[in-house]
Amino acid sequence: MMGRMQAAVGAGASPDAQSMPAAQPAPYLSAQALVLGVAVAVLLVLVGYPLLWLLLGAFGLPQGFGLEHLERAFTRPQNFAALLNTLELALGAGALSILFGVPLAWATARSDMPWRRLVHALVALSYITPPYLTALAYIVLLGPDAGHLNRLLRTLFGFQSGPLNIFSMPGVIFVIGIHVFAFTYFLTYSALKSVDASLEESAQMLGARPWQTTLRINLPLVAPAITGGALLAAIDSMALFGPQAIIGSPAQIVFLPTRIYATIGGYPPRWGEASALSLLLVALTVAGLALQRGYLERRSYITVAGRGVRTSTAVLGAWRWPLLAYCLLLVFFSAAAPVGVLALTAVSHSWTEPLSLANLTLQHFYTALFQDQVSVRGIVNSFKLATAAAILAVLIGAAVAYLDVRSKVRGRRLLDYLAILPLGLPGTVMAVGILLAFIRVPLPIYGSIAILLIAYVARFLPLATRSANATFRQIDPSLEEAGRATGASWWHAVRRILLPLARPGLLVAFLLVFIPAFGELSATILLYTGGTETIAIAIYRLNDLGQLEVVSALAIFTIVVVLALTGLISWLSGPDRSFAAAPPVRG
Amino acid sequence: MPLARRSLIKAFAAGTAAAWLARPGWGQNAGPTQASEIDLDKAKAEGRVVLYTSLDTQIVDAINAAFKQKYGIDVQYFRGGSSDVTSKVLAEADAGRPQADMVDASDLAALLLMKERGLLKPFASAAMPAVAKELRDTDATWITDRLTQAVIQFNTKEFGAQPPASWADLGNSAMQGRLVYFSSANGDGAPRIYTLARHLGWDLVKAMAATKPLRVQTPQIITQVLERGERGAGFLQNDNIAWRSKLQGKPTDFVFPGEGVPSEIGACGLLRSSGRPHAAALFYEWWMGSEGQAILVKGGKYSSRLDVAPPEGSTPLAKLKLLTLDYAEYKRDKGKILDQIASIFGGEWGN
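In the order they appear, the protein sequences are chains A and B.
Quick note: the first sequence, position 246, residue 246 per the working numbering, numbers continuous.
Quick note: the second sequence, position 129, residue 1129 per the working numbering, numbers continuous.
In short, the hints are calculated from the structure, not lab data.
A couple of the hints might just be wrong.
[To be verified] As a list, the in silico DSSO-like pairs of lysine-lysine whose alpha-carbon atoms are at most 30 Å apart:
# : chain 1 : residue 1 : chain 2 : residue 2
1 : A       : 384       : B       : 1068
2 : B       : 1115      : B       : 1042
3 : B       : 1157      : B       : 1206
4 : B       : 1321      : B       : 1336
5 : A       : 384       : B       : 1115
6 : B       : 1246      : B       : 1321
Being a predicted model, the structure only gives us computed values, none of them experimental.
Use the sequences and the hints to build the structure in full.
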């Protein structure tokens, strides 16, 4: 019975369907074809078309055709230096992510260390804070001379100068490391949570000591998760334009994204070289993702039981305290200190003056939120853009997910892949593709806010698609089928049955796009123009002028918005999924 | 439903054509070519002016506010470094989507490039007689609005009675780790470094680079770094910023070195593509007029107008030995020059 109904619904135009009551004349197939057609067209325009132009641009098109741009990208010393620096950053950030992420994950997942939830929540905070804000915070904390921590160290230990300088390669690696270690942390955490206690118990019965169990049972079992997380951290670190520019530029260290920005930001813009460098960055990213996939697939043999995993908790005794100290030190420097120092700077007349009541003011919030032309416009634009981008991404993402989950249309896998693809592409690269692609179309896109909308939808579509996909999978198709069987049209069934059930999930999808779009920097910096500044641009530009206090006020405003919305996501997704829902914020 | 489809295609084609034709710069009235042709009513009807500028926002805000008060016309502006401004104008022109009505940049080579590409519109400003002949275009597509001198700024607590007084002093080994200079990643600081090299030799520039100077993104930050005492002395491109810091009672002072002072021409022009030619020309005349220029001077800038006095308490330009650049040459050799500067200082110069 069920099978037959499914066949009828699936076929749509079958005699059965046509003999249904006149209340639903909707031709299922054509409605579905329409959704498919529109989704394919939009995806091709948003994702495929810019990527195609990246390739064409690298060969010098449309001005000519040749290999000189690719040759320049690989042979000019400044490009070569950018490549080497980018690789060094990726290796460093990947290694740091293991050093930071793995002990923390073990402590919160498997030990009886106190304050595990606090540590977990602060890791999430360091992850959702846009990394360019962390970078700004570290200028205030570790600026070579005036940085608060440096002053403290000089007072305590009597150094003549310094002693720490954030404007250095280790500085860039550290600032990016304390953001991306969350990848390794979360993957290792969930892997450790899925190791069944029986394995450890067996080892212990055979006489293994607890540390031996950890090293010889747990570690090998979660090793693929650790490597996979570190690879993701490394890949993400290569794409983070914000901290690379904010810390790297004063330190005279150039990375591929900042190099790409400079080749287009100077005059006359060198599109060909920028495209060729973008392709290089894409190649690095794809290679990293392929490696990561390989590692994560190997993980399959360790998922011992599907449900009802029983995990054991390591009883640490006195060792709890050093472990806690390490964890607290880490989350202090990765989350509490940067956010705290931004808040402090935002309410200080001057950040270099000592903290005192006389030095407190709310003036910078007033300047940032009401006075400064660019800043006010940026806030309005960011709200508008993030809302519009999130609505569009959910619409397209839901259509793609629906086709993947509910239909057997040929090509839906490819569609799904196209919708996930931007997740691996750095914002700078997408912006170059979008610039090349839309600079010549006879529509008012370039130089308008529309080009930013296109960039945001394209960049963050994967988040909406994946979230919608997961949501639809949880809703039994038989509910819609029942509706259809009782006379509802396809659209009626979707609208009255599927969408109401999916609403909380789709709202999460909306927020998952809204949050990163709200603070997006790396694509915006190449695409904005006078009048279309966003909050990230206001922060970046004001920082260029050295107005760190106003910048901090804007930063705190951004973090509050992002935190409030993340809280909303946790609440909507229930306690179990609260951290899985943390969005990948990129600068 | 062939009919419906046909009408849909028609509607789409019409919409596309309309959008295409509605692009600024198409079918537009060329507008006034001299000050006397500006129509105030038309200017007000055009509603606003879009300005792309590299001038300090505090000065721009003051000029715009006075303009708005007088004519009731809004000025919307994009502010960035000269390279940001120029690359945006060029890219928008490439896209056929020009946004700006007027452009102002402290890099004459940029305006020469725009002129070469036919982006600038000849306009006989009423300010022309007040500006020296060599500071304006023979075709009247651009005019100098300001002259910005590079100075040595220093922290007064740092050097006592013997502050650095010459460019050569900045290359001294005593300056090791004490110097700060500026350039954005797009190489905005390059023209004045090159001016120094062209007149006083590359060895001087190399000696300065050998002191391991701190590089910052904007001239404003040089002054902040000096005010905080993080560095002792700065090769500061903008005399007005040093002037303001001293005026505000910060622990800084500045000198115009006797070897000569790199002077940079800031110039402005009207965009040929502007869809608001009267409002744009009205603003251009305001900007170049004695009232607009007086606001500029109040912000510490030297006006290009001979009839406008220098900033309060500043040395008159006639008393300084100004070192200038052949901008046509700079425009031609920019790539090579940036390569050379990058090889000396390292880091990103947009080359």
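Hint compliance check: list the failing hint numbers for this structure, sorted ascending. Hint 5 alone not satisfied by this model.
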